[in-house]
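Fit chain B to the supplied structure of chain A, relying on the hints for placement.
Quick note, the sequences are listed as chains A and B, same order.
To convert, note that position 288 of the first sequence is 288 in this note's numbering; the numbers rise steadily by one, no gaps.
Numbers in this note's numbering are just positions in the second sequence, counted from 1, shifted up by 406.
Don't take every hint at face value.
No farther apart than 16 Å at their CA atoms in a straight line, the calculated lysine to aspartate or glutamate pairs in the EDC-like style are these [what the hints assert, rightly or not]:
#1 552(B) - 14(A)
#2 236(A) - 193(A)
#3 426(B) - 147(A)
#4 414(B) - 17(A)
#5 71(A) - 89(A)
#6 136(A) - 108(A)
#7 242(A) - 350(A)
#8 514(B) - 432(B)
#9 438(B) - 496(B)
#10 176(A) - 147(A)
#11 414(B) - 193(A)
#12 240(A) - 350(A)
#13 176(A) - 524(B)
#14 609(B) - 549(B)
#15 615(B) - 586(B)
Derived, one-sided and incomplete: chain B residues facing chain A with beta-carbon distance under 10 Å [unchecked claim]:
#16 489
#17 490
#18 493
#19 570
By construction, these hints were calculated from the structure, which means they are not laboratory data.
All residues carry an ideal CB built from backbone N, CA and C; glycine is no exception.
Listed below are the residues making up each chain.
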Amino acid sequence: MPAIKDYIPIVGQDTIDELYLLTEKFGNRIVQNINSTSVGGGVAEILMRMIPLLKDLGADVRWDVIKGDEKFFNITKKIHNALHGVTVELTEQDLEYFLFINELKRKEINFYGDIIFIHDPQPVALINTKNEIGKKWIWRCHIDFTEPQSYIIQFLESYINKYDRAVFSAPSFARKLNIPQVLISPSIDPLSDKNKELPDDVISKVLEQFSIDKSRPLITQISRFDYLKDPLGVIKAYNKVKQYIDCQLVLAGGGATDDPEGMEVLKEVKNAAADNPDIHIIFLPPASDIEINALQRASTVVLQKSLKEGFGLTVAEALWKAKPVIASAVGGIPLQITHKYSGILTYSIDGTAYYLKQLLNEPEYAKKLGENGRRHIKNNFLITRHIRDYLLLFLSLFYEEDVVYL
Amino acid sequence: MVEPFQFKTSLRLIQLLGIKAKTLQELLDNIKIVPTSSIYYHTHRLLYQQFLLYPEPPNDFAYWISQSLNIKDLGEAVASINIIHFRNIETLRKQLIKIISDYIVAEKPNGIVLEGQEFHFMKCQTFILPTAFKASSVDELCEVLKRISLPSLYFHFIESRLRLNNSENDFSRWLFDLGEKKVAIEIARLDPYTITLEGLRHKLIATIKKYASH
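Just chain A, with the same shape it has in the complex:
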């Protein structure tokens, strides 16, 4: 694991000094993070990186996971989809079971933190403990909240409004709540296995491992096998391009332990790609970060054709590697890409195919987009900016005024 000082060559001494100062002002209060999965998915990934760095700075930040059964995760998956605006059948019994597990966990957990930092909807109802123990409570939403099904948002809001702060990843997720809402974009870690520089021979080895031809252009989408990532739409766009340009497609991703739908999608995607040897469907086990890094670095163009997106960290990862990215204008993606300046924003399969052809045919233009994208990520979406925002968020719980002298 990198130490905080290892980031100085990337972001500068000033930035790291500021983090030390903020940590000092925060004092010895304890922050207790709680979420529902320790591996897979963006939330666990970012906590795994951030907590050691916060500790290295001197902050007492800890992490607990609530474990649910399959039935609980099937329900939370439905809640997740309903928040994304998908019509799902979520019964009253489902919500009762959801609350039952929350209540069970609420009684099991030792709430030792001065700040209880709850991530995503799965443990949202743990807030019922606030009446008994007080303390400061933050709810961090990592999901696209733009057009949620109204019944599910009403259900969740009755809990969210009990927190001291709600945190969202993009401005469009803001709602009319009774509590302050903070905007904190997620981030990537430039020193993680997924983003660090890789020697050419490591990249070549990964390409060989998956039988990918190094000599022809490669289009890649890295994401969980999930309908909301639109892998079938990616194959359709690729097929339109393939008629004119000899290129290959990689659809690669893993699955989170709270995502039981994934296998079903993977099967459908494999069927759609069955008769084309240039389409590589790669299901990656956890801890495949080097493989993902290598696939992104080997790509000519990276896609993120999601129908809904929380933030879309894979976009930041590809841009950090100075890759030209074509992505849907959903969730937090427009925060990362300024259209035709630091990438391409699209709204359809046809649009994706059109821009794919353009970038494959105009490598100089594609290169410029990638370079601008990397600079934008460096300034705004690296883990050090995220740590600073979290420290400010923690401090904000103790200062109400708009201008605070620390």
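Relative to the frame of chain A, chain B by itself:
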């Protein structure tokens, strides 16, 4: 005896207000009611984030009016508001209201943006921190100016004057107290809204070297 100049820096936490606009009228109605810190945020965000290299107008209102509502002339009028002319955010708010109101009366625009392109109102909470740098003389000030972070420069030159309702930028006030009136006045004439922060740093140092009495 004038106290040494203590360099500070400011960091910001962004808050979402849950208020959005789909039309110019809605934008105007909300500009009238949002907190002062929201007007400050939307007119200074891009400057603070050093986005001046980006092909975007200098404030969020102008960008949204031009790009989402597609009203180019009003967008340009809002983009070219001379912020350096204003002593506080409330007078800046009044000017924004006047420009947009006049346009609505004259042109009666009826455009509505596409879903997903609404203007989302935000505000910021600013945290001011001391840095390790101090200066006791004009020469020391020049030396430290070469090394401080851009957010620190932003704080003393822009934020302190407009947001904390100080009459001038911090450097001019300190130099004035030090008896360096000529350089204090020349620095106060620099317009930070049409230059990058890095460019401002160079201009500041050059101005001090040119006008300070050594």
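Hints, one by one, checked against the model:
1. 552(B) - 14(A): holds (13 Å)
2. 236(A) - 193(A): violated (31 Å)
3. 426(B) - 147(A): Since the Cα atoms of residue 426(B) and residue 147(A) sit roughly 14 Å apart, the hinted pair holds (cutoff 16 Å).
4. 414(B) - 17(A): holds (13 Å)
5. 71(A) - 89(A): holds (14 Å)
6. 136(A) - 108(A): Distance ~19 Å between residue 136(A) and residue 108(A) Cα, so the pair is violated.
7. 242(A) - 350(A): Holds, at roughly 13 Å.
8. 514(B) - 432(B): holds (13 Å)
9. 438(B) - 496(B): holds (10 Å)
10. 176(A) - 147(A): With Cα atoms ~13 Å apart, residue 176(A) and residue 147(A) stay inside 16 Å; holds.
11. 414(B) - 193(A): Distance of about 36 Å is beyond 16 Å: violated.
12. 240(A) - 350(A): holds (8 Å)
13. 176(A) - 524(B): holds (15 Å)
14. 609(B) - 549(B): holds (14 Å)
15. 615(B) - 586(B): Given that 16 Å is the threshold and the Cα spacing comes to 12 Å, the pair holds.
16. 489: With a minimum Cβ separation of about 19 Å from chain A (threshold 10 Å), the hint on residue 489(B) is violated.
17. 490: Cβ of residue 490(B) sits 21 Å from chain A, so the hint is violated.
18. 493: Since chain A brings no Cβ nearer than about 17 Å to residue 493(B), farther than 10 Å, the hint is violated.
19. 570: The hint holds - residue 570(B) has a Cβ within 10 Å of chain A, the shortest such distance being about 7 Å.
In this structure, the hints that do not hold are numbers 2, 6, 11, 16, 17 and 18, in rising order.
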